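**Q** Model the full structure from these sequences, guided by the hints.
Mapping to the numbering used here: the sequence shown position 19 is 9, numbers consecutive.
It should be emphasised that the hints constitute simulated quantities derived from the structure, not laboratory data. Values in this document were obtained by computation on a predicted structure and should not be read as measured data. Hints are supplied without guarantee of correctness; some may be wrong.
Simulated DEER-style distance windows between Cβ atoms [unchecked claim]: (1) Leu(-5) with Ser46: 37 to 43 angstroms; (2) Asp1 with Ala45: 33 to 39 angstroms; (3) Ala50 with Gly(-7): 28 to 34 angstroms; (4) Ile8 with Glu28: 15 to 21 angstroms.
Using N, Cα and C, we set each Cβ at its ideal position, and we do this for glycine too.
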Amino acid sequence: MHGVLIWKPTDRDRRFLILRYKTQYFSDDRGRKHPFPEEVWERLSPETQELSETASYGHAKSIISPDLDQ
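**A** Given below as structure tokens:
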């Protein structure tokens, strides 16, 4: 089940960032390391940037390190 709260702030628009699933080792000939325009990329948290970046097949991203320690 999903729910939505009514957007109440009047001083800004409501925005969504939808991350599509893809494997971290997927690459193509475009050579781009992230799927967002630079002005959007700069505003993302380091954790979101890390999740969006490509990496080698066996690489474990640091954002999941706390889960691996358990």
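**Q** Determine for every hint whether it applies to the structure shown.
**A** Structure-based check of all given hints:
| no. | hint | verdict |
| --- | --- | --- |
| 1 | Leu(-5) with Ser46: 37 to 43 angstroms | holds, 39 angstroms |
| 2 | Asp1 with Ala45: 33 to 39 angstroms | holds, 38 angstroms |
| 3 | Ala50 with Gly(-7): 28 to 34 angstroms | holds, 33 angstroms |
| 4 | Ile8 with Glu28: 15 to 21 angstroms | holds, 19 angstroms |
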